[in-house]
Amino acid sequence: MADAVLEADRLRKVFRLRGHGGGDGEIVAVDDLSFALAEGESLAIVGESGSGKTTLARMLVGLERPTSGRITMAGRDRSTPARRTSERRRRGRETQIVFQDPYSSLDPRQTPASSIDEVLRLHFRLSRAACAARVAELAAQVGLDDRQMTALPRALSGGQRQRVAIARALAAEPRVLLLDEAVASLDVSIQAQILNLLADIRAATGISYVVISHDLGVVRQITDSTIVMQRGVAVERGTTADVLHRPQHPYTQLLRRSVPAPGWKPARRARPAPATEPRA
Amino acid sequence: MRPVIHDLSLQIGAGEAVGLVGESGSGKSMTSRAIARLLPPGAAVSGDITFDGQPVMRMSSAELRRYRTRGIAMIFQDPRAHTNPVRRIGDFLTEALRTTMDVPKDEARRRAVRTLAEVGIEDGERRLRQYPHELSGGMLQRVMIAAALLAEPKLLLADEPTTALDVTTQAEVMAILDELRRERGVAVLFITHDLELAAAVCDRTCVMYAGEIVEEQASASLNAGPLHPYTAALLAARPRLDGPAGQLPAIPGHPRSAFEVGEGCAFADRCPYREPECVARPQALRQLEAGLVRCRRAEDVHGALRAISLEAGSVG
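Sequences listed follow chains A and B, in order.
Using our numbering, you'd call the opening residue of the first sequence number 1 and step up by one each time.
Using our numbering, you'd call the opening residue of the second sequence number 1001 and step up by one each time.
Be aware that a few hints might be false.
[Claimed, not checked] Covered stretches of chain B (chain A as the covering partner; in silico rule of three or more C-beta atoms under 8 Å from a C-beta of chain A):
id, stretch
1, 1199-1205
2, 1229-1241
[To be verified] To be clear about the criterion: a stretch of chain B counts as covered by chain A if any three or more of its residues have a C-beta under 8 Å from a C-beta of chain A, and this derived list gives those stretches:
id, stretch
3, 1161-1168
4, 1174-1183
Think of the hints as simulated: they come from the structure by calculation, not from any bench.
Predicted model, so just to flag it, every value in this text is computed and none were measured.
Virtual Cβ for every residue (Gly too), placed ideally from N, Cα, C.
Take these sequences, add in the hints, and give me the full structure.
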């Protein structure tokens, strides 16, 4: 695909279990997964615990090495660890990640201004004044004021901390932003603010998103296409509207039915799960 | 001293399910802890809690122990934090029966297995010998529910019992709770941040903001006819499954806690309908149509709120 900014080709990740429960075993966390992310596209990876979505995210940013398969970013292979610092930095600049828990993804002793400044100094050669100007620009983009930018994270609310995490990720001017359950722990009223912010940023910068989420409402709001994963395998894919409104796979249909809405009644059902449940 | 709950009154009938919905800091968890008399040491409490005609705040320790076994039971968001990791599931399930109710060991275990079957765990005998770490989150939450129901309490306090679970597991656990409540006639106070989930399983829903109830009405009519601007804003801010995926009507600012707000309406600074009068004096919870609302402009804005929720609420 010519215009793909990020491509995954037959990705597979196997974790070996040694001596666990009497005998060696293997867990296939991600199995034969391929996708292409276009410039400016927003792709959802939907699934529940154990579906492999977080392992996929970790492979995309280089925190895990695929067992087999290729990850290509802007035409360059990144499935093996970077050998040089410059290469590692370049990869870091191209892909940034925002995690679920803003309480643990920020340094408790560093102000937002300083943590963003650190990213700028790592990736770009900017004068002190240019750095400060860029920090102010990023703060404005995510809606943080001067007082918040110079406060410690403990003085900020969950929504404000997530804005800091987004600003810090954007500081590197990434082409792809990975959002790993980035709004899952926020209050509904704050979640709406952050979702609007993410939509505005994509419209303004043409950045691409990979949105890892279990929340179909969130997925509908900020993605164009969706891959549904179950136990490491992509069971359904298509445009987000199609997948949510005309789900074909039984698992997608089950997910869709499980979302509370007006008139929804929870029903006991035969689970399409193995007889022995996987351990959490 | 900072107030976390401010002027809260609530009634739960026998066998009734009441939803208590709010965002962080609204005081919803503190409300359930107050009912269980599990408030932090040193908390200053005024007001009364009456259970079956008995004043909870004046119970002796023996009465309190009986109350917490036969009267009420609690389940929490994170079952792993509320089970002892070095004790087996069987010990956990039978402890209350054996210590408070003097049920013999074998009988207690038989009842435990039977109750596990009711929450959808068939191989109870094996489960009783397992430790919490050997069970998945959804499985352990079912064990929590079984433990809560074993002593046959009259009221179950369920504090975000499905928030940490996958959506399909959530649906399953909610179905189990709903079924058991109807079969056994247990009253439930269901605490959650999810208005739609509460509305789906509760007879009545109370919406909390900054330590007070701002709206209370039958769940069946809440989605279509919210009475308080906050409820309408919450319903509208939630992303819908059926689009259109434009800008979400977010609520400006952030949720307040009781100690952050003044005498008047706590929601006023985020409310599009506010008037200077709204913050001038405390607003009382009062009757409107079939519900209760704490908003002096409730009649004026009722039509507008209904329109907002109709636009947002086309079947999600």
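Just pull the numbers of the violated hints for me, sorted ascending. none
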